[in-house]
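Protein chains in written order, with the numbering used here: chain A, 1 to 183; chain B, 184 to 285; chain C, 286 to 788.
Hint data in this document are derived by calculation from the structure and do not stem from the laboratory. Everything numeric in this text was worked out from a predicted model, so none of it was measured. Quick reminder that beta carbons are idealized off the backbone N, C-alpha and C, glycines included. Possibly wrong hints are sitting among the right ones.
To give an idea of the interface, some chain C residues facing chain B are shown, with a C-beta separation under 8 angstroms as derived from the structure [to be verified]:
| hint | residue |
| --- | --- |
| 1 | F426 |
| 2 | E433 |
| 3 | V440 |
| 4 | S449 |
| 5 | A453 |
| 6 | A455 |
| 7 | R457 |
| 8 | L459 |
| 9 | L463 |
| 10 | I467 |
| 11 | Y477 |
Output of the computed footprint for chain A on chain C, the stretches with three or more beta carbons under 8 angstroms from beta carbons of chain A [what the hints assert, rightly or not]:
| hint | stretch |
| --- | --- |
| 12 | 593-602 |
| 13 | 678-688 |
| 14 | 696-709 |
Pulled a few chain C residues facing chain B out of the computed Cβ check, cut under 8 angstroms [to be verified]:
| hint | residue |
| --- | --- |
| 15 | F295 |
| 16 | V430 |
| 17 | I452 |
| 18 | L456 |
| 19 | V474 |
| 20 | L763 |
| 21 | V767 |
The residues making up each chain are set out below.
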Amino acid sequence: MTVGEALLFATLAVPLIMLAACVSRRARERIPSLLALAPVPALMAALLAPDGTTLVLPEPPFRMTLAIDAPGAMLLGAAALLWILAGAYASADLRGDPNAGRFAEWWLLTLTGSLGVFIAVDLVSFYLTYSIVSLAAYGLIVHDGAPGSRRAGIIYVALAVLGEAFLLMAFVFMASATPDAAC
Amino acid sequence: MIDVTVYGLCSAALVGLGLFGLIVHPEALRKVLAFNLIGGGVFLLFGVVARRGATAGFGGDPVPQALVITGLVVAFAATALAVALLLRLFQEIGRTTLKSDG
Amino acid sequence: MPNYTTAGGFLLVLAIVLPVAGALFSLVLGGRRAERVVLMLMPAGLAIAAAIAIGVWRTHNVLQYSVGSWDPPLGVAFRADGLSAAMLVATALLVCGIGLFARGEFSSSRSGETRAPLVFWTLLLAVWGALNAVFIGGDLFNLYVALELLTFAAVPLVSLDGRSDTIAAALRYLLFALFGSILYLLAAVLFYGAYGTLDIVLLSGRIRAEPVVWAAISLMTAGLLAKAALYPFHLWLPPAHAGAPAPASAILSGLVVKAPFFLVLRLWFDIMLRMPEPAAAQVLGVLAAAAILVGSVVALRQARLKLLIAYSTVAQIGYLFLMFPLALKPETGHPWSSVAWTGGVLQAISHAFAKAAMFMAAGLIAEALGHDRIAGLAGIGRALPITVFAFARGGLSLMGLPPSGGFIAKAMLLTAAVAEGQWWWAVIVLTGGLLAGGYVFLVLARALADPSEPLTLLSSISPSRQAVVVALALCAVLLGFVPLRPWELLQIGRLDIVAAGFR
Numbered sequence: 001m002t003v004g005e006a007l008l009f010a011t012l013a014v015p016l017i018m019l020a021a022c023v024s025r026r027a028r029e030r031i032p033s034l035l036a037l038a039p040v041p042a043l044m045a046a047l048l049a050p051d052g053t054t055l056v057l058p059e060p061p062f063r064m065t066l067a068i069d070a071p072g073a074m075l076l077g078a079a080a081l082l083w084i085l086a087g088a089y090a091s092a093d094l095r096g097d098p099n100a101g102r103f104a105e106w107w108l109l110t111l112t113g114s115l116g117v118f119i120a121v122d123l124v125s126f127y128l129t130y131s132i133v134s135l136a137a138y139g140l141i142v143h144d145g146a147p148g149s150r151r152a153g154i155i156y157v158a159l160a161v162l163g164e165a166f167l168l169m170a171f172v173f174m175a176s177a178t179p180d181a182a183c
Numbered sequence: 184m185i186d187v188t189v190y191g192l193c194s195a196a197l198v199g200l201g202l203f204g205l206i207v208h209p210e211a212l213r214k215v216l217a218f219n220l221i222g223g224g225v226f227l228l229f230g231v232v233a234r235r236g237a238t239a240g241f242g243g244d245p246v247p248q249a250l251v252i253t254g255l256v257v258a259f260a261a262t263a264l265a266v267a268l269l270l271r272l273f274q275e276i277g278r279t280t281l282k283s284d285g
Numbered sequence: 286m287p288n289y290t291t292a293g294g295f296l297l298v299l300a301i302v303l304p305v306a307g308a309l310f311s312l313v314l315g316g317r318r319a320e321r322v323v324l325m326l327m328p329a330g331l332a333i334a335a336a337i338a339i340g341v342w343r344t345h346n347v348l349q350y351s352v353g354s355w356d357p358p359l360g361v362a363f364r365a366d367g368l369s370a371a372m373l374v375a376t377a378l379l380v381c382g383i384g385l386f387a388r389g390e391f392s393s394s395r396s397g398e399t400r401a402p403l404v405f406w407t408l409l410l411a412v413w414g415a416l417n418a419v420f421i422g423g424d425l426f427n428l429y430v431a432l433e434l435l436t437f438a439a440v441p442l443v444s445l446d447g448r449s450d451t452i453a454a455a456l457r458y459l460l461f462a463l464f465g466s467i468l469y470l471l472a473a474v475l476f477y478g479a480y481g482t483l484d485i486v487l488l489s490g491r492i493r494a495e496p497v498v499w500a501a502i503s504l505m506t507a508g509l510l511a512k513a514a515l516y517p518f519h520l521w522l523p524p525a526h527a528g529a530p531a532p533a534s535a536i537l538s539g540l541v542v543k544a545p546f547f548l549v550l551r552l553w554f555d556i557m558l559r560m561p562e563p564a565a566a567q568v569l570g571v572l573a574a575a576a577i578l579v580g581s582v583v584a585l586r587q588a589r590l591k592l593l594i595a596y597s598t599v600a601q602i603g604y605l606f607l608m609f610p611l612a613l614k615p616e617t618g619h620p621w622s623s624v625a626w627t628g629g630v631l632q633a634i635s636h637a638f639a640k641a642a643m644f645m646a647a648g649l650i651a652e653a654l655g656h657d658r659i660a661g662l663a664g665i666g667r668a669l670p671i672t673v674f675a676f677a678r679g680g681l682s683l684m685g686l687p688p689s690g691g692f693i694a695k696a697m698l699l700t701a702a703v704a705e706g707q708w709w710w711a712v713i714v715l716t717g718g719l720l721a722g723g724y725v726f727l728v729l730a731r732a733l734a735d736p737s738e739p740l741t742l743l744s745s746i747s748p749s750r751q752a753v754v755v756a757l758a759l760c761a762v763l764l765g766f767v768p769l770r771p772w773e774l775l776q777i778g779r780l781d782i783v784a785a786g787f788r
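Bound conformation, chain A alone (with noise of 0.2 angstroms):
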């Protein structure tokens, strides 16, 4: 594996490694810290990683293909850039707020799909990731508990959800005019 497909894999591995350490409450109540850390593979990935790196995670079970481009490479930078500064806001912003594990767990999952979707080139994989960045948003919006937050929350996922549909709709009929249906 190369230094850019390591970067890639890096990119959607680090936070989901993160996430995954939020089910230890130890973990839990270091990680808000920890926010601005997470996107950096993906910055390093969108600088450094050659054009036209692709990685292919494996049939079973993923069926994945990561890949950077240049226009890819320069939106995934500038995403990455701006994620960490807001991570380090969020990390000083989050300090004695009891609920911040839970912010951070949201925070992270948000944060890996709106990674993930600069680099998927297969249909599946951005509909994925797409889903995620959407959907997991709503954590963030809700997070103050406000009623306010709650309706704005609603509101939220019923577009997000609406605007997935239309998007596998358009995927469908991509796929059908295509001779190979599965991307």
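Following the hints, put chains B and C in place on chain A, whose structure we already have.
Then chains B and C, alone, in the frame of chain A:
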């Protein structure tokens, strides 16, 4: 084959009456009775089929007769189960009409 | 065929005999030992189902067995094609999961009461045997007996707790099921009277388009639709599935309601294969669309969690019947019928796992809280995170979000609809997904919210039961990793493909 036609029409009438009763009556016991009526019609139709399939030596095709016996046993078990549930329901709530008519 | 029974055909007999013998043994041995009988039989049954599937896959042909060495039309045949094999394996896995889960609820060592556990374990085995018999039956009358066995075993499971509303629900279920089965029997008589055989393969060869056949098919389909709770025959399902104890609801919604659907598949695809595609396929599609819409909308308005899940079953059954307008017509040679076929079957299997996980999660929540009102679920997300996660995973499969079997199934159905130009079904599928998202989100938003006062759990839930629920939900997820192409296993032995000269 005049007699076979009569039996066939009779079985059709039984099935029709039974279906009417099953749909129209709200009390569960009447529905069970209606189900048995339909069953009677179906078994009669089995007999018609057996008679029509009569070949040399046999009075009637034996396969439908075997099917009828199995069907009778199944219908008997079904009626028993339904009546047992009905009795239990009556013990609990004192009536046997199902709430929203099915 | 010179030798009707193929190698490995005896496995088919074992698949039925083993659970039924187990049920009889449980009845004799009594409450405490019944549970152990089931636990011993579960791996054996799973091994048999796996062996059948491997046998079908390896030989790329059906497994057959003629009872008593009498070939059809005189004898009765068991026939396992690729579809049967897939359903057998799914059944075995689901029963194993349900058995492990139910140990916590029906363990007879906990309380002195042994009647409910005895009934549950015995009937679980009876349902398993009946399901296997339905999936491998090759003769219409054999299938009638198997269907009745299934109904008689499933009905008491509904009223296991003895309350008056569950007894009423069980009675209503029984009446609908009897209505269905007597229509089925009437149709079988008509078939026999017209063609002299009830064997599926032989019938498919002899059938012609004539009024007797139209009558028989209509009667049989109507009867099976009543048993499968397709709109408008769906009224019995929500109170029955919601009133049953959680492991029973899991098997009822997961598989018992799929068995009549399986038979409609056999009727339309195998028996009717010589006949042109009837316009009635569109009627089935319309009923399916109504089921999806009505079921989902009513689910949104439910106040109790188990009723919501039950109405969701009504809606998901509609997806299954969308297969009919999409997958019939292989003689035109287009490959999309296989896509729709795979999508429908995959929907059946992944829904079984997802719905079982959701019902069992709801059961754990109800045990912990003492009630299952959706409005009172606040805070359960933090108290039982694994359970709520399993529920969410099952719900995501129902919505059709990747990775899940539900997504692949929906994508395949959509692809088939678009490719055949029947775009209106695509709209229905997507709308159903939206509405499913609605009611899943309703529950999850509630569960993840903060409670107004701290939540006290009535009883602690053992982690092993939660693990079983998660495992079942993950089965639905694992199905999402199959390729987006027709499954070869499911095409093995499809009579319509063979007759049309493909493969």
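Going down the list of hints, with the structure as the test:
1. F426: holds (6 angstroms)
2. E433: Since the shortest Cβ distance to chain B is 5 angstroms, the answer is holds.
3. V440: holds (7 angstroms)
4. S449: Check passed: Cβ of S449(C) comes within 4 angstroms of chain B, closer than 8 angstroms.
5. A453: For A453(C), the interface hint holds, since the closest Cβ of chain B sits about 6 angstroms away, which is under 8 angstroms.
6. A455: holds (6 angstroms)
7. R457: holds (5 angstroms)
8. L459: holds (5 angstroms)
9. L463: holds (5 angstroms)
10. I467: holds (5 angstroms)
11. Y477: Holds. Min distance 6 angstroms.
12. 593-602: violated (count 0)
13. 678-688: That given contact holds, which follows from 5 residues of the stretch 678-688 of chain C lying within Cβ reach (below 8 angstroms) of chain A.
14. 696-709: holds (count 5)
15. F295: violated (24 angstroms)
16. V430: It holds, given that the least Cβ distance between V430(C) and chain B is near 7 angstroms, below 8 angstroms.
17. I452: This hint holds: I452(C) lies near chain B, its Cβ roughly 5 angstroms from the closest one there, short of 8 angstroms.
18. L456: holds (5 angstroms)
19. V474: holds (5 angstroms)
20. L763: With a minimum Cβ separation of about 38 angstroms from chain B (threshold 8 angstroms), the hint on L763(C) is violated.
21. V767: violated (39 angstroms)
The structure is inconsistent with the numbered hints 12, 15, 20 and 21, although it conforms to all the rest.
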